[in-house]
Amino acid sequence: MSGEIAEAFARARARGEGALVAYAMAGDPDLPGSVDVFAACVEGGADILEIGVAFSDPIADGPVIQGASERALKAGSTLKRVLDEVVPAVRARCPQTPLVVMTYVNVVMAMGEERYAKLARERGVSGTILPDLPPEESTGIRVAFDKEGLELIPLCAPTTSPTRAESIAKDARGFVYCVSVAGVTGMRSELPANLSERLELVRRLSPVPVVAGFGISNAEQARVVGAHADGVVVGSAIVRAAQADGPAAARQVCADIKRGLKR
Amino acid sequence: METQTAPGRFGRYGGRYVPETLVPALLELEQAYAEARKDPAFDEQVSQVLREYVGRETPLTPARRLTELWRGAEVWLKREDLAHTGAHKINNTIGQVLLAKRMGKKRIIAETGAGQHGVATATACALFGLPCEVFMGAVDVERQSLNVFRMKALGAKVHPVESGSRTLKDAMNEAMRIWVSQVEDTYYVIGSAAGPHPYPTIVRDFQAVIGREIRTQSLVAFGRLPDAVIACIGGGSNAIGALHPFVEDKQVRLVGVEAGGHGLDSGQHGASLTLGTEGVLHGSRSLVLQDENGQIIEAHSISAGLDYPGVGPELAYLAKTGRLEVRTATDEEALKAFYLVSRTEGILPALESSHAFARAGDLARELGKGKHLVVNCSGRGDKDVATIAARGIPAAIGQEGA
Ligand SMILES: Cc1ncc(COP(=O)(O)O)c(C=O)c1O
Numbered sequence: 001m002s003g004e005i006a007e008a009f010a011r012a013r014a015r016g017e018g019a020l021v022a023y024a025m026a027g028d029p030d031l032p033g034s035v036d037v038f039a040a041c042v043e044g045g046a047d048i049l050e051i052g053v054a055f056s057d058p059i060a061d062g063p064v065i066q067g068a069s070e071r072a073l074k075a076g077s078t079l080k081r082v083l084d085e086v087v088p089a090v091r092a093r094c095p096q097t098p099l100v101v102m103t104y105v106n107v108v109m110a111m112g113e114e115r116y117a118k119l120a121r122e123r124g125v126s127g128t129i130l131p132d133l134p135p136e137e138s139t140g141i142r143v144a145f146d147k148e149g150l151e152l153i154p155l156c157a158p159t160t161s162p163t164r165a166e167s168i169a170k171d172a173r174g175f176v177y178c179v180s181v182a183g184v185t186g187m188r189s190e191l192p193a194n195l196s197e198r199l200e201l202v203r204r205l206s207p208v209p210v211v212a213g214f215g216i217s218n219a220e221q222a223r224v225v226g227a228h229a230d231g232v233v234v235g236s237a238i239v240r241a242a243q244a245d246g247p248a249a250a251r252q253v254c255a256d257i258k259r260g261l262k263r
Numbered sequence: 001m002e003t004q005t006a007p008g009r010f011g012r013y014g015g016r017y018v019p020e021t022l023v024p025a026l027l028e029l030e031q032a033y034a035e036a037r038k039d040p041a042f043d044e045q046v047s048q049v050l051r052e053y054v055g056r057e058t059p060l061t062p063a064r065r066l067t068e069l070w071r072g073a074e075v076w077l078k079r080e081d082l083a084h085t086g087a088h089k090i091n092n093t094i095g096q097v098l099l100a101k102r103m104g105k106k107r108i109i110a111e112t113g114a115g116q117h118g119v120a121t122a123t124a125c126a127l128f129g130l131p132c133e134v135f136m137g138a139v140d141v142e143r144q145s146l147n148v149f150r151m152k153a154l155g156a157k158v159h160p161v162e163s164g165s166r167t168l169k170d171a172m173n174e175a176m177r178i179w180v181s182q183v184e185d186t187y188y189v190i191g192s193a194a195g196p197h198p199y200p201t202i203v204r205d206f207q208a209v210i211g212r213e214i215r216t217q218s219l220v221a222f223g224r225l226p227d228a229v230i231a232c233i234g235g236g237s238n239a240i241g242a243l244h245p246f247v248e249d250k251q252v253r254l255v256g257v258e259a260g261g262h263g264l265d266s267g268q269h270g271a272s273l274t275l276g277t278e279g280v281l282h283g284s285r286s287l288v289l290q291d292e293n294g295q296i297i298e299a300h301s302i303s304a305g306l307d308y309p310g311v312g313p314e315l316a317y318l319a320k321t322g323r324l325e326v327r328t329a330t331d332e333e334a335l336k337a338f339y340l341v342s343r344t345e346g347i348l349p350a351l352e353s354s355h356a357f358a359r360a361g362d363l364a365r366e367l368g369k370g371k372h373l374v375v376n377c378s379g380r381g382d383k384d385v386a387t388i389a390a391r392g393i394p395a396a397i398g399q400e401g402a
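Going line by line, the protein sequences match chains A and B. Taking this note's numbering, the leading residue of the first sequence gets 1, the next gets one more, and so forth. Taking this note's numbering, the leading residue of the second sequence gets 1, the next gets one more, and so forth.
Quick caveat, the hints were computed from the structure, so don't treat them as lab data. We treat Cβ as the ideally placed atom computed from N, Cα and C, and that holds for glycine. Each hint should be verified, as a subset may be incorrect.
[As the list claims (entries may be wrong)] One side of the interface only, derived from the structure: several residues of chain A facing chain B at Cβ under 7 Å:
#, residue
1, ASP57
2, ILE59
3, ALA110
4, ASP132
5, GLU137
6, VAL184
[As the list claims (entries may be wrong)] Counterexamples of contact, computed for chain B against chain A with all Cβ distances above 12 Å:
#, residue
7, LEU225
8, ASP227
9, GLU248
[Said to hold, decoys possible] Here are some of the chain A residues that sit facing chain B, going by a computed Cβ distance under 7 Å:
#, residue
10, SER56
11, ALA60
12, VAL105
13, PRO134
14, LEU155
15, ALA157
16, THR159
17, GLY183
18, HIS228
Just chain B, with the same shape it has in the complex (with noise of 0.2 Å):
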């Protein structure tokens, strides 16, 4: 399925609003990303650096004590957190900065949120030489220390953002405003399949070799595709990325998990395809949490990567025609998530991933024994322990899990 509907645009979402000042620099990196496409050894030189540095490709994981405890589909984990740097957003920096050299680009800038895209991004700068600077919100300068020390300890200069909500998507229009003032020699590389046209599609395309390997792995694990593949949804990366692959397998049904914070009720939370209207943020239309004069609401969730109250327009797109089933974890059903992943299976999934593992048991016993059902564990959650230590640890989970 194409679900480019014109170049830039995912039915009604997706294109280009953003200040004229930037509009030549994204015409430029279309027709830059484009000529790379075409051209083999580009593709190669991304996934050598793929297979020898960030250690591609993840293993796909039987969970079978999870398997055991849901009793029902057999659950399978993609293994992002095993990616260097820890999370899957190392994909997508790895081919956006060598863009940014093949394109002639002097030095790159970045925003984040949980600091997993602001360290990668720092990662591959470190990797091909080029200098970095990074916006981060200054509540998650705060609560993503760790991440901090990371980038700087790579090289990366760190701006804490003091305005607004002080977060993620604060942190990306100040990025756009830096890039606007140096747009001629700076690249911005955009850490969420989000923002203007043409990055929706790169950062898609770059995360898509999460999906492509989980169809091969599926087929040499369990000799079929899998009948499920979830993500957490922030901006969306991961889930398109694990997602986009299989859009035309009607068979497999596709299942995002948005972060529902204190509740859908409570207005504090991340649920944009579930509760957004449209809208425009950060140059392009898509489902936005906005009051009815069109301001921006500030998101919540305890996941610094799921704090944000957009989603990329493809993802916007496939929950409108209904292909992707949205569905949301609260604050708490992913602290259980967490501790259930970590006792259960050795692992420590990232806050953002066990927002994932939280709708994971649902639907194993929705599609119930003989089924597959593939958790994509976008990140591992050594960056949460601090906010997660900070309420307590329990000394037994209850076994319902999540």
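Okay, chain A solo, but in the shape it has when bound (with noise of 0.2 Å):
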């Protein structure tokens, strides 16, 4: 499974596209209704999952995924009934589509960097977001994710120093994560004017893809961004879209936004 990451984006290029990651919520309306939204996005064209695992106090996240979350822990989800229950579920409906995890830092921490790490690789999970947790602070986590292959994806900011971006990109697996606004998670109507050379940037200096997020929520927005990025991840509209109206709308935001990464 090492290098399916890679691998997703190397399959999107050669079509001439640039890659859709889509995010939702793990245990959004209940546990297997989200492995639902998840295969719904992949009929819709995503290239990789991201699955959301909730935490009481999203502090990076806009109200939208502040919701899902909120609808997922009632649900009764957890770090553990994810990897048991959604991951296998969502990889037997979706073989060819990596996983990766975005959660919070505390409850990889509850589980134990190790434990949580062996188990995500075993249940088939690429990669792991954690966006509370920037280079100085995940050292440690690096370590025990580098053993057994898990892949700890970065975040780069807007307001990140360009001596920064480049460390962080150096640094980088699986593929870079560019904010695209200063802010949390959310559709946007405006991008940021200067999003381009950013994407540039750090694309120069990373040996892994770079991809844009925040805010992105139509195939206009992804057509944009997706010129100076090898994709996008869109999330809040995604997670509004099957909340209001089931996997279906899901599939749908996902084909339209694909739509607008065709070269």
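Dock chain one against chain two, each of which comes alone in its own frame, and use the hints as you go.
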């Protein structure tokens, strides 16, 4: 399974497309229901799935994902249950799609970094994104993840200085997640004008693909951003669609974004 | 004793667990603060405002009737309730808002639980002419309506926070989210010795004025250092401020009192040092109330200022190393202490401070006659009178007191 993420980007590139990393919340509306949402995202064209694991205090998330987090916790979602029940089911239905877990560092620490890394790899997870774990704090976790071949995907922000961006990019595993706006997750009508330059800068320095995320919700935005990145992450738009109209609506959002990513 | 084991670390605790977007701002703050500390003019500016405006130094008051009642150590009260705005919180906001001005920041945001930090921030902003927005859990907006009015009267905008438990921890989440989106020109004034590095250090340094004054005042009042200092612990700012200057004085016992809420067995309390486990909340690694899946458990306390499932990393370190003795007081014990102090000393303490008083009697008796105990009276109880009155006023209180 190692290298799955790189292969997914390569496949998209070979088809002349930017990659779509689709985020949804495991356990929203409930554990089996979220498996349908993930599968629908892949039917809609998602190349990589980002499996959100709920945390009670999601400081990097806007209202849409905060709401999903609360629903998932009410439905009994935990990291352990996501790894035992959601990840294997998604893998069975979408065997070609790499899975990335996104959660907060406290959730992983509570399970134990080593135990998490081992279990995640066994269940078929390729990488992990921890939005509240900047590089300075990540050394220990990286060692644990590297040992299991689980990729710790770093984030780069609009406020990150070029020298800092350089060191983040150089050390990256899986892909670099470039946060497009200074802010929390959520849909935006406008993306910052200088985003393309930042993406190009990180892309020049990074040995792995670079994607942009936060605020992207439609084909046009995906087209503009996708021209300067290897792909995009879409979260709130999918979560909102799935909550309002079920898995088919999530598939529709992914298909729409995928159209914008055709080169 | 240097409790800081590496920049921003107190043993295993501390650090900077925040979204990457905030890291550059925290690095900028760390550097700006280091420069400000090296600048004697900044120190003098802070001291002058504390003197001329806040009313420092606050008195060290002998509590003669409590001493008599408890028949143990001589009891002294450090009167942070007499600081402008009625609590220790002002020491920190004056310092941080002056720092924000020095950094050229255009506006201030803050979170608040009891509202005292919100009032203190709004006050400093009014004084120095900066716009101020305060995030406050919707539950706290209800139970601290007096302070909500004060903040608004001072020109601050108050945003009720509806997410999560709608209390202090959620207000802090929301303030961090807003800060992430406006980090270029906004300064976030954190109200306790918690949060990501460098906040626990900055807040501790600005609050350490309490402990430094206790030192010098004790030498004047009774000719030596106190045998023990006791303070309540929410996030821990009044405690670390009162206690830090004594960390190296091994003969001085340092005691913190957490919210026991409905009792430690009830699961409804704020005792993160006593029952918390290691985790990351609001950007720092410390002891937190959480379940086995790493989800933060909602804290409970009758006092909004102790209703917090985390605690500052330095106190966690001092507790783990045994330097800090940690005790708890329940809601009922705090209420009883509130009336006891009101009726024996003529001081209505904040419900937060009442927790310290609730354990001060035991400690005074343990220490025994001839010893000296300082209780940090972190704030005054005006803000809590509605909460307290709603429970009915007792005609008499038992002489066993607290
Ligand atoms: C009077 C008073 N004491 C104590 C506290 C608890 O905070 P800390 O532990 O940071 O001193 C508060 C918080 O609002 C307060 O208002």
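Going down the list of hints, with the structure as the test:
no.	hint	in the structure
1	ASP57	holds (5 Å)
2	ILE59	holds (5 Å)
3	ALA110	holds (3 Å)
4	ASP132	holds (5 Å)
5	GLU137	holds (5 Å)
6	VAL184	holds (5 Å)
7	LEU225	holds (38 Å)
8	ASP227	holds (39 Å)
9	GLU248	holds (29 Å)
10	SER56	holds (4 Å)
11	ALA60	holds (5 Å)
12	VAL105	holds (5 Å)
13	PRO134	holds (5 Å)
14	LEU155	holds (5 Å)
15	ALA157	holds (4 Å)
16	THR159	holds (5 Å)
17	GLY183	holds (4 Å)
18	HIS228	violated (19 Å)
The structure is inconsistent with hint 18 alone, although it conforms to all the rest.
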